Every structure is written in C-alpha cells, then in structure tokens.
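K.L.:
As a plain string of letters, each chain reads:
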Amino acid sequence: MSQWITLAGNIIIIIGLVFMTLGVLGIYRFNDYFSRILITSKVDTVGFLTIMVGFIIKHGLDFFSGKIVLIVALYMITNPIATHAITRSAHISGYRIKKER
Amino acid sequence: MNFDEIVLIIVALLSVFELGRVLIGPTIYDRMLGFAVFSSKVIVTAVIIGTINERTFFLDIALIYGVLGFISTIMLSRFVERRGDI
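So the sequences go chain by chain: A and B. One point on numbering: in full-length UniProt numbering, the residue at position 62 of the first sequence is 62, and numbering is uninterrupted. One point on numbering: in full-length UniProt numbering, the residue at position 25 of the second sequence is 25, and numbering is uninterrupted.
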C-alpha cells in the first residue's frame with residue numbers, strides 16, 4: 001500500500017515539475033511584460049501547489065506535512081498580491097502595453 | 001540519488017534560469033517579477049531539503065523566506081511606483 005502512495009506522490013511531483021518548467025519557459029517567451037507576468041504567476045503558483053501536494057502525500061499526515069500545508073496556504077495568499085503589486089506599480093508609473101507590430 | 005534529490009536538482013536549475021530574466025529584463029518590472037518567482041523556487045528548494053533530511057526547521061526557513069520575499073516585493077513595487085519616497 002505504501003508503495004502505491006509514494007508512486008502517486010512521485011507522479012504528482014513530476015506533474016508539478018512540468019508546470020514549473022512551463023512557468024520558466026513562459027517568462028522568456030512573451031515579448032510584453034503584462035502577458036509575461038500573467039502567465040508566469042499563474043503557472044508557477046500551480047506548479048508550486050502541485051509539488052507541495054505531492055510531498056504531503058508522500059510524507060503522510062503529521063505535523064511535518066501540516067507545516068507544508070501552512071506554507072502552501074501562505075504562498076497561495078501572498079503570491080497573487082505580490083504580482084498584483086508589481087503590475088499596479090508598472091501601470092501607475094506609465095508602462096503601457098505595446099501595440100502589436 | 002533517490003527521487004527527491006533529482007527533484008531538488010531540477011528545481012535548483014529552474015531557479016537559476018529565473019535569474020536570466022532578472023538579468024535580461026528590459027524593464028524594472030521584469031526584474032521584480034523574476035525576483036518574486038525566484039523566491040518561490042527557493043521556498044520549494046527549502047521544503048525539499050527539509051523532506052530529504054527529515055528536519056522540520058527547514059520548513060520554518062521556507063515559511064519565513066516566503067513572508068520576507070513577499071514584503072520585499074511589496075516594498076520594491078512601492079519604491080518604484082512612488083519614485084523614491086515610500
């Protein structure tokens with residue numbers, strides 16, 4: 001039974017790694033800032049969440065994975081606010097979307 | 001080289017690629033974005049090290065780093081937005 005659990009956790013971690021790699025790829029691919037931050041913050045948060053869930057599953061239920069849940073909860077709250085703050089400062093100080101050439 | 005160490009190495013490599021955007025980024029905001037995402041990857045790395053060594057204080061490090069990364073991002077964006085007088 002525990003062998004199945006670690007296998008399931010490993011698969012979820014691999015999916016999270018794929019999301020994280022897409023997040024890194026997304027940060028280089030787009031030519032404008034706003035589309036870049038839109039993709040990166042979303043995909044990176046999903047990758048972070050998936051990897052943490054994979055580790056929680058692999059580690060079972062105790063205080064250790066309780067702390068991981070706390071970290072995930074903190075990150076789910078703070079990351080959107082942080083990326084919103086960056087984009088808001090970009091918009092206020094006059095950075096506008098470049099028109100498609 | 002069990003599975004967790006491979007995941008740790010991959011995440012460490014990804015975080016180095018994030019710094020590429022901090023170097024290249026044409027605008028300040030790309031650099032702040034690269035820094036914010038880099039700090040999230042450092043959190044993942046700390047948690048993975050914590051699970052490998054079965055030490056819980058690594059999770060506290062990741063938690064504190066998450067909070068500090070968030071505060072630094074907010075302060076940086078306020079600094080840039082108000083051109084110096086926070």
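By construction, these hints were calculated from the structure, which means they are not laboratory data. In this text the structure is predicted, and so the values were computed from the model without any measurement. Check before you lean on any hint, since a few could be wrong.
[Stated by the list, open to error] Below, in silico cross-link-like pairs of lysine to any residue (SDA-like), each with a Cα-Cα straight-line distance of 25 Å or less:
| # | chain 1 | residue 1 | chain 2 | residue 2 |
| --- | --- | --- | --- | --- |
| 1 | A | Lys67 | B | Leu8 |
| 2 | A | Lys98 | B | Thr27 |
| 3 | A | Lys42 | B | Val42 |
| 4 | A | Lys58 | A | Ile68 |
| 5 | A | Lys67 | B | Ala12 |
| 6 | A | Lys42 | B | Val80 |
| 7 | A | Lys58 | B | Asp4 |
| 8 | A | Lys99 | B | Ser15 |
| 9 | A | Lys98 | A | Arg88 |
| 10 | A | Lys58 | B | Ser15 |
| 11 | A | Lys42 | B | Asp85 |
| 12 | A | Lys58 | B | Asn2 |
| 13 | A | Lys98 | A | His84 |
| 14 | A | Lys98 | A | Ile77 |
| 15 | A | Lys98 | B | Val22 |
| 16 | A | Lys67 | A | Ile57 |
| 17 | A | Lys67 | B | Ser15 |
| 18 | A | Lys67 | B | Ile24 |
| 19 | A | Lys99 | A | Tyr28 |
| 20 | A | Lys98 | B | Ile24 |
| 21 | A | Lys98 | A | Phe30 |
| 22 | A | Lys98 | B | Arg21 |
| 23 | A | Lys67 | A | Arg88 |
K.L.:
Report the numbers of all earlier hints that the structure fails to satisfy, in ascending order.
P.N.:
8, 11, 14, 18, 23
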